[in-house]
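Following the hints, position chain B against chain A.
Chains as they are written, first to last, in my numbering: chain A, 1 to 416; chain B, 1001 to 1252.
It is worth saying that the hints were derived from the structure and are not from the lab.
Hints should not be assumed to be uniformly reliable.
[To be verified] Sample of chain A residues with no beta-carbon within 10 Å of chain B, all distances over it, derived:
1) Asp231
2) Gln285
3) Gly300
4) Ser397
5) Thr414
[Claimed, not checked] On the chain B side, residues computed to face chain A include the following (Cβ under 7 Å):
6) Ala1048
7) Glu1073
8) Ala1076
9) Leu1082
10) Ile1088
11) Ala1102
12) Glu1105
13) Ile1106
14) Lys1165
Keep in mind it's a predicted model, so treat the numbers as computed, not measured.
We put the beta carbon where it would ideally sit given N, CA and C, even for glycine.
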Amino acid sequence: MESNLQISKLKKFSSNFIETSLSLKKEIILHSKQILENFDFPTTRDEHWKYTRLTKLSQLLLHQTSNSNGVSLPPLNNSQVISIVNGNITSYNRIEGLSITKFSEATKEKINLIGKYVPLDGNIFNSLNTLYCKDGLFIEVNENQRIENPIQLTIENNEQGVFSPIRILIHSKKGSSAQFLLNFESTCESLSLPVFEYHIGQNARLTVDKIQLESNKAFSISSDQVYQERDSYFKINTISLSGKLTRNNLNILVDGENCETHLNGTYLPKDDQLIDNHTVVDHLQPNCNSSELYKGVLNGKSIGVFNGKVFVRPNAQKINAFQSNANVLISEDATMNSKPELEIYADDVKCSHGSTTGQMDEDALFYLRSRGLSTKSARTLMTQAFIGDVLNKIENSEVVEYVHSKLIELHDWTEL
Amino acid sequence: MIKINNLHASIEEKEILKGLNLTVNAGEVHAIMGPNGAGKSTLSSVLAGREEYKITDGSVEFDGKNLLELSTEDRAREGLFLAFQYPIEIPGVSNVNFLRTALNEIREYKGLDAISAKDFMALVRQKTALVGLDSKLATRSVNEGFSGGEKKRNEIFQMAMLEPKLAILDETDSGLDIDALRIVSDGVNSLKSKDNAIIVITHYQRLLDYIIPDYVHVLFDGKIVKSGQKDLALKLEEHGYDWIKEEFATRK
Chain A
1 MESNLQISKL KKFSSNFIET SLSLKKEIIL HSKQILENFD FPTTRDEHWK
51 YTRLTKLSQL LLHQTSNSNG VSLPPLNNSQ VISIVNGNIT SYNRIEGLSI
101 TKFSEATKEK INLIGKYVPL DGNIFNSLNT LYCKDGLFIE VNENQRIENP
151 IQLTIENNEQ GVFSPIRILI HSKKGSSAQF LLNFESTCES LSLPVFEYHI
201 GQNARLTVDK IQLESNKAFS ISSDQVYQER DSYFKINTIS LSGKLTRNNL
251 NILVDGENCE THLNGTYLPK DDQLIDNHTV VDHLQPNCNS SELYKGVLNG
301 KSIGVFNGKV FVRPNAQKIN AFQSNANVLI SEDATMNSKP ELEIYADDVK
351 CSHGSTTGQM DEDALFYLRS RGLSTKSART LMTQAFIGDV LNKIENSEVV
401 EYVHSKLIEL HDWTEL
Chain B
1001 MIKINNLHAS IEEKEILKGL NLTVNAGEVH AIMGPNGAGK STLSSVLAGR
1051 EEYKITDGSV EFDGKNLLEL STEDRAREGL FLAFQYPIEI PGVSNVNFLR
1101 TALNEIREYK GLDAISAKDF MALVRQKTAL VGLDSKLATR SVNEGFSGGE
1151 KKRNEIFQMA MLEPKLAILD ETDSGLDIDA LRIVSDGVNS LKSKDNAIIV
1201 ITHYQRLLDY IIPDYVHVLF DGKIVKSGQK DLALKLEEHG YDWIKEEFAT
1251 RK
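Excised from the complex, chain A in its bound form (with noise of 0.2 Å):
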């Protein structure tokens, strides 16, 4: 009660915010509106932020801008690049097969669709995302299209102090099937706070891989919403490579029989940086498989959060769930957290999961050490060894090429 009287962290972190001028659904702009005036930054206190600190993030000062120059360029050579510049959708070409326009541009019919599976209440990110986001994209990838090239976006913030609060709605619509390369880039102290909801239709297929290399004054909490019709496919890889402060928040509702889902991710963090995985899967529907595979490799003073959860629920029989997270501590200071969770209310399904934390193997590099190898030789092939299980997810080869040539510039690899 006390909190009410005296002006909120959260209130005046926003205080040179500007409400969103989209004209999404009132009720989930009054619900967010409503959030931001009741609650504060979660504190460790919270269940979901036990470990995650945001006092440092409490207190920046930060703003929008309409500054929309660029810098970073795609890694990719054969893709569609749509790009989004310190919060600002800037040039995106017509691509085939896909149905791309700007909230502020769509029909209330597809307005309407906005925030139907982001939950709101508890959650101030969302609840900041829903009513300071400037604008947003539907991306339809069209019924029944296959395409084949890679669908690039970059989301890059180069100004200083700089909150972007993008969001993206991408629906996969029946029977199609597309490939998205996130890149998550950023210079300077900024707040990336993206929503991302992705309605995956009937038979349809999609895969993400989403490259977090932010830098080391940045934060970043992003919400990733997933919703599975029948017989869909979805696969998300998240490569957290560098940043101050990262947390992704990945939900996929299961909502169709036959559906299978994969989330893999890799983080290595250096320094004082904190990444923080949380994810949940959600059955509700019999016959359907999910993985998840996250592993880590920690260095300096870094923490690492993991937290997994798995719901199957009362109707959901046959269900095939596997989950693991694997980290390596390769220093002293280093700290990971990881819960893996399962909730089981069917009777006759099969899940699994795992976590295990330890150390690099002296006697492993004893033996490379032995044969010629220097140890940082040997300590970057012991890395890769570990982190390629999740790299080999990777369906496309660029990607994984990429990812490797920064994590030799970050990471002091020996390049093999």
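Just chain B now, with coordinates in the frame of chain A:
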């Protein structure tokens, strides 16, 4: 080639090597035999540069250099090779990839250009044939899921690839059936030349039927207590180590 002089080494305050002397010249094969706990594995670990062992006294000269001052990788680059008693499994690290890196880092150390991918693969084919290693195993993860015999063969394959000046075979015969023993020994014998040397560490003499030593040494209680030729190994086989224990334990 290697001159070990009055070597003392300990682990966790316990002295294991207590003044070991050994000289091996180019072109020679030496066998070191001894009962369990004599310090055989400690000797190979110390020579390869395991950091858990503390050298408290003595010196090791390898090809004119002070071996004890070199890092593990530099010892390998100078031409020292240890075939492990228990080869490590390293999931995800491909055997040939790591060997290519090893070979190139050794070449770089010697001021030579990197080997081309084509030449390297030709070398792999040649050397797998030499030690009878299934070429599929060569490209798999290091020792992962290998049988005991395959692991030992992989050690000799690596030795063949790196062409060391001095190879130390640490209980390479343990866990091998007679066929595997012959294949491994044939591999070793074919790598023998007047310019390199081999130290065979073993508990049993049966390996020495295949790899014929020029000298046999008995290691007991951290020292070489007896040296001789091939017939010494046969005597040990026949009488066991008890007479050694009796003879030298009483002298203390």
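Hint by hint, here is what the structure shows:
1. The beta carbon of A:Asp231 is kept farther than 10 Å from every beta carbon of chain B, the shortest such distance being approximately 34 Å.
2. Every Cβ of chain B is farther than 10 Å from the Cβ of A:Gln285; the closest lies at roughly 36 Å, confirming the non-interface assignment.
3. The beta carbon of A:Gly300 sits about 23 Å from the closest Cβ of chain B, which is more than 10 Å, so the claim that it is off the interface holds.
4. At the 10 Å boundary, the C-beta of A:Ser397 stays outside the reach of chain B, the nearest C-beta of that chain being 17 Å off.
5. The non-interface label for A:Thr414 is inconsistent with chain B: the shortest C-beta to C-beta separation is roughly 8 Å, within 10 Å.
6. Taking 7 Å as the C-beta cut-off, the interface hint given for B:Ala1048 holds, the closest approach to chain A being about 5 Å.
7. Checking B:Glu1073 against chain A: minimum C-beta separation of about 5 Å stays under 7 Å; hint holds.
8. Of the supplied interface hints, the one on B:Ala1076 holds, with its beta-carbon coming within about 4 Å of a beta-carbon of chain A, less than 7 Å.
9. Given the 7 Å rule on beta carbons, the hint for B:Leu1082 holds: about 6 Å separates it from the nearest Cβ of chain A.
10. This hint holds: B:Ile1088 has a C-beta 4 Å from the nearest C-beta of chain A, less than the 7 Å allowed.
11. With a cut of 7 Å, the hint placing B:Ala1102 at the interface with chain A holds, because the nearest CB-to-CB distance is about 4 Å.
12. Because the smallest distance between the Cβ of B:Glu1105 and any Cβ of chain A comes to about 5 Å, under 7 Å, the interface hint for this residue holds.
13. Below 7 Å, beta-carbon pairs count as interface contacts, and B:Ile1106 has one with chain A at about 4 Å; its hint therefore holds.
14. Interface restraint check: B:Lys1165 against chain A, minimum CB-CB distance 13 Å, threshold 7 Å, status violated.
In this structure, the hints that do not hold are numbers 5 and 14, in rising order.
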